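Enquirer: In the order they appear, the protein sequences are chains X and E. Numbering that gives the first Met the number 0 numbers the first residue of the first sequence as 0 and each following residue consecutively. Numbering that gives the first Met the number 0 numbers the first residue of the second sequence as 0 and each following residue consecutively.
Treat the hints as calculated values from the structure; they're not laboratory data. Treat the hints loosely; a few may be bogus.
[To be verified] With a cut-off of at most 20 Å between alpha-carbon atoms, the simulated EDC-like pairs for lysine to aspartate or glutamate come out as follows:
(1) K192/X / D209/E
(2) K258/X / D304/X
(3) K27/X / D209/E
Only a predicted model underlies this, so the values are computations on that prediction, with no experimental measurement involved.
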Amino acid sequence: MSSQDIPEENLPAEQDTTHGAVGVADEKNPFADPGLPPHEHRIQDIDERAAKRSERAVALLFTVSMLATIGFIVSYVAIPVDKSVYVFPLGHISALNFALGLTLGVALFAIGAGAVHWARTLMSDVEVADDRHPIEASPEVRAKVHADFRQGAKESALGRRKLIRNTLLGAMTLVPLSGVMLLRDLGPLPHNKLRHTLWSKGKLLVNMNTNQPLRASDVAVGSLTFAKPEGLEEHDEEFQNEIAKAALMIVRIQPDNIKDKRELEWSHEGIVAYSKICTHVGCPISLYEQQTHHVLCPCHQSTFDLSDGGRVIFGPAGHALPQLRIGVNDEGYLEALGDFEEPVGPAFWERG
Amino acid sequence: MSTTTTTDPRSRGKASGGEKLADWADGRLGIYSLAKANMRKIFPDHWSFMLGEVCMYSFLIIILTGVYLTLFFHPSMNEVEYHGSYVPLQGQLMSEAYRSTLNISFDVRGGLLIRQIHHWAALVFLAGMFVHMMRVFFTGAFRKPREVNWLFGFLLLVLGMFTGFTGYSLPDDLLSGTGIRFMEGAILSVPIVGTYISFFLFGGEFPGHDFVARFYSIHILLLPGIMLGLMVAHLILVFYHKHTQFAGPGKTNNNVVGMPLLPVYMAKAGGFFFLVFGVIAAISAIATINPIWAMGPYRPDQVSTGAQPDWYMGFSEGLIRVMPGWEINLWGHTLVLGVFVPLVIFPLVLAAIAVYPFIEAWVTGDKREHHILDRPRNAPTRTAFGVAWMTVYFVLLIGGGNDLWATHFHLSINAITWFVRIAFFVGPVIAFIVTKRICLGLQRRDKEKVLHGRESGIIKRLPHGEFIEVHEPLSQEALYTLTAHEQYRPAELGATVDENGVERKATGGQKLRAKLSKAYFGEESQIPKPTVEEYKEITSGHGHH
């Protein structure tokens, strides 16, 4: 689109370009630009005593800055790093941080305030007009540049020698591929890693807090217990990656209150195990409402009903929480009866 | 040659030390031609012009303090046991990144202060860019020849957001790790390549052992390097284009009125750096920011309530919180619309402000340079669009903090979520209409003021008992300032039949443009400014001569 299809008269009239001179009231056009108003003197321009006062104020500010810097150094040396101090209304805060910050703040601010006060009261405040020049080059310059370019292009013979041009294009297109290739080893391919967790048949459910295997009798109605698979320890190299998928929430619900048939089958006497990782974007769910059996993810408020197959009842999550099938072994410990049947955590393209 | 040696103005004997040094530098760097153009360069004075300076200075402060922090920070995810001076975390397992951040906060004297200045300056930087862009937007300073500089500034805002995000993710504390998890979940939602991007970014499964080191190089080198380049380019263009100015007596499109760089502007702008730095240092002394020790080290199975990103990421948080959890499962694949749609809208919200100057230029068809700023009221459609955009932004900020709104104001979180869902669509429409009406009202008031003078507050009783308020005519300065703005007329499609009677088809683009032009400059969108004739008729009628 060019401006040609807009008639000239639709563009506003050119502005009055007279400027600079102090204007005289225009009888014919009361809206005309009267020009720069005459300069008004400040008190410091006429009264040397006022100017002196300004000078002293600026000097005082610079002196305050010097003193504040000395205060900074003294605080740094004198105040112990672990000393805490009560400052109203901030409460107990680090004394060193408070002292260093305030002295540094004052030292810097006083320099700035001094400089600005100096500029505002003592430096000339006469407004001056500078001419602007169009950003666009003149037609002659434009013609010269275009001609130069054409000449250069012609001398390179790039347009005529197609073979050179095409192979150069080819080479330049291919060469960045090396850089792309080098990124390949940033990480392994996903394969089916997102589909599997550490859980497998017979793995005991270990209480996250006590680090002891859970017995069915340990889980009371109304309580929320976090569990991890046996054998996974905090010091393990891959602990973070594994717990990010395997973390469990264990709750006990009266079997009559479980609405979902499969959930009841996968539970043990009303003890159900659900993935702790929210199916929205993967925050750990941590809030449990024992009356309704709802759990809430504190990040984005997705809410799931643990008495109804982990169904989403509010919030942005797109699918139910995966349930882990559990049972009890001969010694009365809760154990997994397999891995999760679907991927835990946020949905992804290959999830299906 | 021989004559020049005798008449060389740079006769070494009389020159002072400073002059000699300058001569030396000029002979090698050509500084005199540079200084000739710039030393007494004129800068106009207006409070809103310092907003950009706040950004520049806070960016410098971030670089200075950031370099200091790199001296102590260990960008490593090796798990270590903590035995430092912060007692509550004694013996805990944590990453080296988190431990070194604790050390900066508790063992390095002044480390906490520098960390807090770094973080506070980042918040000020982002807020400053936001407000600076609003200033440029609402005054139309983005028009030719400054569109490219608008884009530079826009890129600085976007890169600033991601530099901030990568920065606050580095300590590897519980809150920042949760933010990273959110990002990973969002990446997983990308169709086809999501899982691959995630595995490449994290060096395998989340959280892996790599992201802190990778984010570190992005945060301290890649992004700030680009930003530094962009900022220099931004400043060069500001110098080259010269500053814009508001209309006023003596101020035209062909001049720039103000005070010279040396000494006034140098003292003011230089002093302003210290003011900004001083204020941020004082804030960091009294206001704790990001107390990572209170949150503990990151564990993917732990979280705190009330988790919030830094404010500039809040609108993306809002998008993800209020989007319904739609998922489409087809042919063994999952399209995670509930997460992917917000991920797509996020850049679109930003892109809307990036492309705006080009849309407006296309609608007006105006190819001239503009150095005189618009008062927002005199460009009602633009102003209304800007306010509509801000409405979307703030509605999403509410959505991003819906849990805090709910707990602080005792509201239902479901109600807030539904409010945000509806207001996301309705809010900007209402804001657009209301803003436009306010602008038109202000235009009418200006017109009234020009034609009838300003209210003097003096009530006069006429001989026949009528009370009137005396209006005083405006000075010519005021009259000029209030009538200096330009008013476009809407572009029309023109005759559909040319002079030979042949039907001329308007393209879709032309039709759209005519419609937009009417919306921008039609009768409903601007009040014709008073003319000299109207003014003379009224003033002569009142007998003011």
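Enquirer: Each hint should be assessed against the structure and marked as holding or not.
Expert: Results of checking the hints against the structure:
1. Restraint check for K192/X and D209/E: the C-alpha separation of about 18 Å stays at or below 20 Å, so the hint holds.
2. Using a Cα cut-off of 20 Å, the hinted pair K258/X and D304/X holds, with the two alpha carbons roughly 10 Å apart.
3. Between K27/X and D209/E the CA atoms are separated by roughly 75 Å; this puts the pair beyond 20 Å, and the hint is violated.
Violated hints amount to a single one, hint 3; each of the other numbered hints is respected by the structure.
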